[in-house]
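A.B. asks: Sequence:
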Amino acid sequence: MAFPKIIFFCLQQSTISGVLLLLGVICSPQATGQNARFEETAFHQAHQLLTDVIVTDILTPPVASRVYVYAHVAAYETLVATRPSSHQSLAGQLSQLTPPPAPTHRINPAIAAIEALLTTGRTMIFSEQMFDESSAKIWQSFVQKGYSPDTLTLSRAYGRQVAQHILSWTTKDNYKATRAMRRYSPIKRPGMWLPTPPGYMAAVEPYWNRIRPLVLDSASQCKPTPNASFSTAPDSPFFRLAKEVHQVGQTLTPEQTLIANFWDCNPFFLNTKGHLNFGTKKLSPGGHWLSIAGQVAAQTNADILKSSAAYTLTAIALFDGFISCWDEKYRSNVIRPETYINAHIDEKWRPLLQTPPFPEYTSGHSVISSAVAVVLTHWFGDNIAFVDATEVPYGLPTRQFSSFKQAAEEASISRLYGGIHYRPAIENGQKQGQQIGEWVLQKIKLRKEK
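For the sequence shown, position 428 matches number 428 in the UniProt record's numbering, and the numbering has no gaps at all.
A few of these clues could be false.
Unchecked claim - Here are the simulated DSS-like cross-link-like pairs (lysine-lysine), alpha carbons at most 25 Å apart as the crow flies:
no.: 1; residue 1: Lys-172; residue 2: Lys-445
no.: 2; residue 1: Lys-443; residue 2: Lys-172
no.: 3; residue 1: Lys-137; residue 2: Lys-188
no.: 4; residue 1: Lys-137; residue 2: Lys-282
no.: 5; residue 1: Lys-431; residue 2: Lys-223
In short, the hints are calculated from the structure, not lab data.
Input sequences plus hints: build the corresponding full structure.
C.D. replies: Printed below as a string of structure tokens:
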């Protein structure tokens, strides 16, 4: 396996100066100068490894968000516990999270955090051999850089301690119980969601609203306003919404087509050629936004703790965003444009993008993109321009944005261009995501109060 996929993480990293001390626990002297840059690069590589395996394993967007958030909380908690800073633990801020064990030996914070991230992530994926081979390359790079065996052994051991603490916390989020629930049966009533071509795949994560949120009080806390009432009458609001999707899909400009494909992020994409069906593995929408967080961290010379905080805030917004969005999807259970248009407007029409296998309202991209834009704007500042190279490994060009908000708005409208959402799912999804992002910032304080 070629590693890492996105090599620009290795080009722009900051330095961490000074000797790190924390209540008598002395951090490894390697965490200075050029070695700090090396450690930051290795941390981004560990995140990229997790993304590569999530893509390989074709994890659904909600499940991928669960892997990301626990892995990054583990890394962040390790860093906070092993180095002096103005940052504080998430214990007591995230639902049911308690403080991790304190280190008792000389610890290199970066090594321990990378180990915590990798150990936590490994328990939640399937391609263990691929994961282990790439992890070994990361650790070999530390050996080649001259890190002592004792530093590596003790630091990695502490990282595993924190990982086990986080993994114990994950067992209380109801995920295992949702794996044993009965298979979802579509509701066969007018206006309700039905599986769509070409695969007519089963509904994805119909019980995700039962997963424990990290900051939301409940899955329904940010419940959006209802969609337009279903109707097949040509003069009805619902018909007009479907007609808009149909017309947009027939008049797409090259730029709109590119935007739709850039933000597609569909891990379920199914190719059909005659009797042959095969899947194309793609990044999840959450993985795309975490990639943006990493790219901007590198661009702004963020040190490893600020980078970890950016990943973690993003992952929290994603995780609770998917819980909130999926709660609405299976409550309102809205029919997809493809199904409606084929039945009532144009039986030969096909959307540009492949329709994902779950109900339409609200738009997941709109919810999570808006939520993440709020937290990243808070963390890095407003109007930070950046070039997004996330989709380059998947054959698409880079795109430039003037702010996180602009990127989120483009991600949202891309679903109309793609032919898979009506406009209210986009606009009300953006409002829903905005509320979630603002709630995350209200509940989570990463920096200590002065």
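A.B. asks: None of the hints should be skipped; say for each whether it holds.
C.D. replies: Here is what the structure says about each hint:
no.	hint	in the structure
1	Lys-172 with Lys-445	23 Å, holds
2	Lys-443 with Lys-172	20 Å, holds
3	Lys-137 with Lys-188	51 Å, violated
4	Lys-137 with Lys-282	24 Å, holds
5	Lys-431 with Lys-223	10 Å, holds
Violated hint for the displayed structure: number 3, the only one.
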